Amino acid sequence: GPVPAAARPSVAAAANLNFALTEIAAQFARDRGTPVEVVFGASGALTRQIHDGAPFELFLAADEEFPRQLAAAGLTRDDGVVYATGRLALFAPKGSPLTVDPQLDGLARLVSSGGVTRFAIANPEVAPYGQAAEAVLRKRGLWDAIRSQLVLGDTIAQAAQFATTGNAVGGLVAYSLVLAPGFAERGTYAVIPDADHQPLRQRMVLLKHAGDTATRFYAYLQGDAARAILRKHGYGVAN
Amino acid sequence: MADRRLSVSLRQPSPIPLDLEFTCDPGDVLAIFGPSGSGKTTILRSIAGLYRPGHAVVMSGPDTWSNTATGAFAPPHQRAVGVVFQEYALFPHLSARGNVMTALGHRPRGDRRARADELLALVHLADHHDRRPRELSGGERQRVALARALAREPAVLLMDEPFAAVDRAVRRRLQDEIDSLRRTLDIPLVLVTHDFEDVVRLATHLLLLDRGTAVASGPLANLMSRPDLTWLREAVGLGSVFDARVVRRDSERGLLELAFAGGALLASERAIRVGTVVRVRIPAREVILAAREPSGLSLHNALAGTVSALSSDPAFDHVVVQLTVGGVSLLAEVTRDAIARLDIAVGRPLYALVKSVSIDVISSETT
Amino acid sequence: MADRRLSVSLRQPSPIPLDLEFTCDPGDVLAIFGPSGSGKTTILRSIAGLYRPGHAVVMSGPDTWSNTATGAFAPPHQRAVGVVFQEYALFPHLSARGNVMTALGHRPRGDRRARADELLALVHLADHHDRRPRELSGGERQRVALARALAREPAVLLMDEPFAAVDRAVRRRLQDEIDSLRRTLDIPLVLVTHDFEDVVRLATHLLLLDRGTAVASGPLANLMSRPDLTWLREAVGLGSVFDARVVRRDSERGLLELAFAGGALLASERAIRVGTVVRVRIPAREVILAAREPSGLSLHNALAGTVSALSSDPAFDHVVVQLTVGGVSLLAEVTRDAIARLDIAVGRPLYALVKSVSIDVISSETT
Amino acid sequence: MDWTALSVSLWLGAGTIAILLPFGIWLGRLLAVRQFRGKLVVEALVTVPLVLPPTVLGFYLLVTFGARSPLGQAFHAIVGQSLPFSFTGLLVASAIANLPFVVQPIQRGFEAIPSDIRDAAACCGLSPWQRFARIELPLAWPGVLTAAILAFAHTLGEFGVVLMVGGNLPGETRTLSIAIYDRMQAFDDRSAGVMAATLLVIAVVTLMLTTTLSRRAGFARG
Amino acid sequence: MDWTALSVSLWLGAGTIAILLPFGIWLGRLLAVRQFRGKLVVEALVTVPLVLPPTVLGFYLLVTFGARSPLGQAFHAIVGQSLPFSFTGLLVASAIANLPFVVQPIQRGFEAIPSDIRDAAACCGLSPWQRFARIELPLAWPGVLTAAILAFAHTLGEFGVVLMVGGNLPGETRTLSIAIYDRMQAFDDRSAGVMAATLLVIAVVTLMLTTTLSRRAGFARG
Ligand SMILES: Nc1ncnc2c1ncn2[C@@H]1O[C@H](COP(=O)(O)OP(=O)(O)OP(=O)(O)O)[C@@H](O)[C@H]1O
Ligand SMILES: Nc1ncnc2c1ncn2[C@@H]1O[C@H](COP(=O)(O)OP(=O)(O)OP(=O)(O)O)[C@@H](O)[C@H]1O
Ligand SMILES: [Mg+2]
Ligand SMILES: [Mg+2]
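Protein chains in written order, with our numbering: chain C, 650 to 888; chain X, 327 to 693; chain D, 327 to 693; chain B, 61 to 282; chain V, 61 to 282.
Quick caveat, the hints were computed from the structure, so don't treat them as lab data. Computed from a predicted model, the values in this text were never measured in an experiment. A portion of the hints provided could be inaccurate.
To be verified - From the structure, some residues in chain B lie toward chain X, with a derived Cβ separation under 8 Å:
#1 Asp179
#2 Cys184
#3 Leu186
#4 Ser187
#5 Ala193
#6 Leu197
#7 Ala246
#8 Asp249
#9 Gly253
#10 Val254
Said to hold, decoys possible - Residues of chain D placed beyond 10 Å of chain X at every Cβ, according to the derived structure:
#11 Arg337
#12 Arg378
#13 His381
#14 Arg441
#15 Leu448
#16 Ala452
#17 Arg458
#18 Phe522
#19 Val541
#20 Val604
#21 Ala616
#22 Ala617
#23 Ala664
#24 Gly673
Stated by the list, open to error - Label-pair distances were calculated between CB atoms; the ranges are:
#25 B:Ala137 x C:Arg865: 55 to 61 Å
#26 C:Arg726 x B:Leu269: 52 to 58 Å
#27 B:Arg97 x X:Ala400: 22 to 28 Å
#28 B:Val93 x X:Pro341: 53 to 59 Å
#29 B:Ser251 x V:Ser67: 37 to 43 Å
#30 X:Glu347 x B:Pro82: 28 to 34 Å
The beta carbon of each residue, even a glycine, is placed where N, CA and C say it ideally should be.
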């Protein structure tokens, strides 16, 4: 069989943390001398895997619901903490007729002129970012008009891909994604005000069998160094 | 006639050596005769366009089917050939009727079924219309293959051992059917067979094949009376074949009176109309030679002739005596001792004694 | 002997009707003879355990292979049978040698290759070891199938038209090989064939089959001289078969002197040791009847006998005369006219005239 | 139970077979019968859609047929509809994703026909087309059936490609697979289970019927 | 380029074939040769793993073999290792997911062997086992080859089941497919492209080699 990894990975994280957490883990390794292995995935899938014995020690979810479920099942040390809040951005790929602004005025104009063919968001049924996007669109009175043009990504990354490939005129995606390396050249964006939707609080929990390194990393994530990195990647962080 | 003649010339040194050339006119039957592995099937496949030898010219009347010199090549389905394959090659997913109907594409759709049933009846399979090949016996399969080849109403009929798997009674009836069909259709027929009866009953011409090379070919009567073809003798048994005309049917005595170039012959009676020209075959080993005309025997035919050739083969202890009876060659196979006792030599006048039952009268007509 | 006797009893009304029963002793050859579709292949398949009729008892010596009454059934691979399949059934992915080696599982691993090559040489395929079936001609395939069946060194040999696709010269040689093998191996051999020569040269016993029913069966000599079997006559041509002993070889005159129960016979010479018991066959249509002993003919044999039976068949214009010559039955086929002319009736003394070359001397021994 | 999604799934399955079988039969037969340079490469390339993760394949298809690509623009200009996020687009994507299941079994089916049967068909005067329809196709049928079964079943279960190219539009590109996945993501295991069970029952019954009918029709080897 | 993931993928592909072929040959032959009640149902059930969306199948497998299930606990008690989130677990899941690709083509392969060849083999005195090894398997080889190719290619590309059951652990359960998917989710199209191309090249070369060697060995019909 294949060579098993020497250092067991211990951290499971929501896919939207891809860039921020990779940087934090590197910083942690430099500061504390112990590496951690981070595995990214859909929060729902990770939750199920933890239920069924996945060997993770720390779980950073994309919302608060999944950690609560694990806590209720008695799999966690405690209820955990909110480590960041996500933010939404309106993104328009290069060459799109959509002009971006925080109040979605450009989008409203485009909708009323019938120029929107497809608009991408994450699936509100399953993804917190999708629910937030729905709330924003409702708030701007665009939901009913745009509903039939929506294409739903399974994850927020997939919704972004619909837009970056130019197959949608634009989309409401995670701010953290828009800040990802190389993303900026693909189009323009505007950050949506936090007040326009329920806060996208992201909670993390230590699992019952968490070891020292995981526990230390959990603490590190609440420290200033980590917060600075999260902030840089477009997350809101409580002071 | 020559407008639908089949002419074939095949040559290649390897992998399957071929070196031969023949023509076959409509109404003629060319039997290809040769040991196992000598290339008989390969010749038929080359005519049908299923095999492409290094050098090949195949013409059906004015149509060029293959010509390696000019590069002309008609694909098999554009050649009007009917083929009985040595190993039948029936369509396993179709019933006997379906197999035959597949070759009836030239007929109007509505007629095909009835015609297929007719052909199956012809090969004595009237009860097996709906059976698939795997539900048929070996001989039954072969007969379906035969019916399928006939169905095509082809310009050339190629048959590769078409009766090998059927019993002798059915075989005789099929031989007769084929013979009369051949006359009606008036097409060239090429027949591969190991069976001498097929040759005698059907063939007008013979091609003797050995390792891909035609060692002898020509009209059957010529070849059958050539005393030098000991190879042929070993393979098929020697005999004389010639034509005769039916002069009288004597039902009371159970005899058939025939006239041939060398005189009269009494054969045992068969239901053949007077005046019909039939083929007569007399096996050499059934001919008795006598110095003078005998009496008090059960036999009827004593033909006066002159010894025209003698041939003996060290591999055999028999001597073949060729007697000319009124221009017709008659062969007799006797022991060396008989040669000595009767003092047989070229030029000696002798009687050839032949039993009526020894005379094979071959006719497709049965009144 | 009876310890390895094959005994078979098969009965079912449908779908393939069967109603027969026979035994075959080691060293004997039972030929099954019957029209196409009469059930011959089905019988062989039942013996091999490949087909299971409604009622079947198959015993090989003391071993019960099938017994529907007790439910006993040995699967095919546990029956020591060698089978030549009518349509060969060669393994397409193996060379000729590989096909034969597959049946040599009972031999030590190291011997198999050499033994396979030996068997291929026996069937005259020494040059074709490495060819796959599709690269062989029809007759070559059939011979591989034969070699494969022999390879098994079975307790029972079943052959379904094993020579149908080979030419007559090879066929004769193969018949001789099989005949001597049969004696050496000393096993029962069941042979399905349409060819009378196979029967004459190989069979000791005959089973005549019609629509699954044994219409006659018994030792060859008995059946061949029964004048009532007109069906057999149509199929194979009638003849007398009996044993004789070689008394002298006269190389100078090219003759072989034989002694049989009815007296002496002169046949044409063959390389057979003096003292050997051979089988003699005389085709009925080659026997001439004479009222008195003739002279000045090329023939040597005039056997004095008495007419013991006469039979004529309305379907044929010939009459079959049975002559008893010193206890042996001799059949002659003559016209009705000859009956009248010679005044032939039961009890009449007559001479049977037979050419030396008309006497088939069958022997597996060739000194 | 999302009946609309079920209907999209079934239409997609049927449509995929309708597109793929003719093409698969053409290509499979070609690979079986003809010898040509590069045949080995074609055989290997046909399996490529299987080697890529479905989502990745979907992404590449999205790029290839997308609004930005010349191919996508040409299609839009001609048909007046874009391929991504439409049922037509799903069909195209599904056909590409299922290609490997179809070509290989059909190729084996045609390869198994003995050459003397082909020869006999030609000598019966059948044109290449008649030969194909009356002799070769019926004899290769078991392979075609396998191809159809695998492609149909796989289309019902396909998810990654469909989601990526289709965009999960209810009634248009949301298949039952996606609906099941969504319910499961939403921790609604009950609905997911019901839908999965429905899908399975429908699939099993369809496959049993197909096999039985196909055998009844006697298409298999005599 | 994630070489570790590539090695996991290749091991997984090889391992899946090693497990599945013997089983598929056994079952495919059984379905081809024997007639029994419920055969039709078995044939249809075999395709079930194909009908479910991979993630859903993966989820059900996770539940079935997971820490909470009696089966998972029993396995853990005996082997001292749990199936999910281990390479062994991946192998089991992959074998189940690939079952449909293997059984159907192999079944067709065995069905295509003429019954008189089987008969002849028995009459040569070959025991059922020898018959199988020397006659039937070589003749059914084209079907087995198709099965192997489809299963291998699909294992390389499989993603949903693997991710769900395996959990993306580097060096143990992260296959190249997952790595590609990860890179793509991270908008790192370049790395994703490089890895996808590597996977394709390896797959195509492997398939070409397999096909060629198999034909050389002359396993196909004479
Ligand atoms: N599967 C089957 N179902 C029904 N009838 C069959 C089946 N197989 C063979 N038969 C019939 O059984 C009869 C006997 O067949 P069998 O093969 O034993 O004949 P055979 O004597 O060997 O003939 P041949 O000399 O033509 O080979 C034939 O009429 C044939 O049509
Ligand atoms: N594919 C092939 N490659 C090489 N040699 C072949 C191939 N097919 C046939 N042969 C050889 O060619 C020769 C002629 O074969 P062909 O089938 O024409 O013989 P045949 O005269 O019909 O024999 P038979 O009477 O046994 O059917 C045989 O020696 C055979 O072994
Ligand atoms: Mg031949
Ligand atoms: Mg038979």
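Evaluated hints:
1. Contact between B:Asp179 and chain X, as hinted, is supported at the beta carbon level, the nearest pair being about 5 Å apart and thus within 8 Å.
2. Taking 8 Å as the C-beta cut-off, the interface hint given for B:Cys184 holds, the closest approach to chain X being about 4 Å.
3. Here the hint on B:Leu186 is kept, as its CB sits about 6 Å from the closest CB of chain X, short of 8 Å.
4. The restraint placing B:Ser187 at the interface with chain X holds, with a minimum CB-CB distance near 6 Å, inside the 8 Å limit.
5. The interface hint given for B:Ala193 is violated, since its Cβ lies 11 Å from the closest Cβ of chain X, which is over the 8 Å cut-off.
6. At about 10 Å, the closest approach between the beta carbon of B:Leu197 and any beta carbon in chain X exceeds 8 Å, and the interface hint on this residue is violated.
7. Given the 8 Å rule on beta carbons, the hint for B:Ala246 is violated: about 51 Å separates it from the nearest Cβ of chain X.
8. Among the interface hints, the one on B:Asp249 is violated; its C-beta lies about 48 Å from the nearest C-beta in chain X, farther than the 8 Å criterion.
9. At a threshold of 8 Å, the smallest CB-CB gap from B:Gly253 to chain X is about 43 Å, leaving the interface hint violated.
10. A least Cβ separation of about 43 Å between B:Val254 and chain X goes past the 8 Å threshold, and the interface hint is therefore violated.
11. Every Cβ of chain X is farther than 10 Å from the Cβ of D:Arg337; the closest lies at roughly 19 Å, confirming the non-interface assignment.
12. With a closest Cβ-Cβ approach of about 17 Å to chain X, D:Arg378 is found to remain outside the 10 Å limit, as its non-interface label requires.
13. Every CB of chain X is more than 10 Å from the CB of D:His381 (nearest about 21 Å), matching its label as outside the interface.
14. Once the 10 Å rule is applied to beta carbons, D:Arg441 is consistent with being away from chain X; the minimum gap is 23 Å.
15. Annotated as non-interface, D:Leu448 keeps its C-beta farther than 10 Å from every C-beta of chain X; the closest such distance is 15 Å.
16. Against chain X, the non-interface label of D:Ala452 holds: every CB pair exceeds 10 Å, the least being about 12 Å.
17. The claim that D:Arg458 lies off the interface holds: its Cβ sits roughly 14 Å from the closest Cβ of chain X, which is beyond the 10 Å cut-off.
18. Not every CB of chain X lies more than 10 Å from the CB of D:Phe522, the least distance being 7 Å, so the non-interface label is violated.
19. With a minimum CB-CB distance of about 14 Å to chain X, D:Val541 clears the 10 Å threshold, and the non-interface call stands.
20. The non-interface label for D:Val604 is consistent with chain X: the shortest C-beta to C-beta separation is roughly 15 Å, beyond 10 Å.
21. With a least CB separation of 5 Å from chain X, D:Ala616 falls inside the 10 Å interface cut-off, contrary to its annotation.
22. Not every C-beta of chain X lies more than 10 Å from that of D:Ala617, the closest at about 5 Å, which undercuts listing it as non-interface.
23. Here D:Ala664 does not stay apart from chain X, with its beta-carbon only about 4 Å from theirs, under the 10 Å limit.
24. Against the 10 Å criterion, D:Gly673 stays outside the reach of chain X, whose nearest CB is about 17 Å from its own CB.
25. With their beta carbons about 60 Å apart, B:Ala137 and C:Arg865 fall inside the hinted range of 55 to 61 Å.
26. At roughly 54 Å, the beta carbons of C:Arg726 and B:Leu269 sit within the given window of 52 to 58 Å.
27. Against the hinted window of 22 to 28 Å, the Cβ-Cβ separation of B:Arg97 and X:Ala400 comes to about 27 Å, which satisfies the hint.
28. The hinted range of 53 to 59 Å is not satisfied by B:Val93 and X:Pro341, whose Cβ atoms lie roughly 22 Å apart.
29. The supplied range of 37 to 43 Å is met by B:Ser251 and V:Ser67, whose beta-carbon atoms lie about 39 Å from each other.
30. Restraint check, X:Glu347 to B:Pro82: a C-beta distance of roughly 47 Å breaks the suggested window 28 to 34 Å.
Hint compliance for this structure: hints 5, 6, 7, 8, 9, 10, 18, 21, 22, 23, 28 and 30 are not met, and every other hint is.
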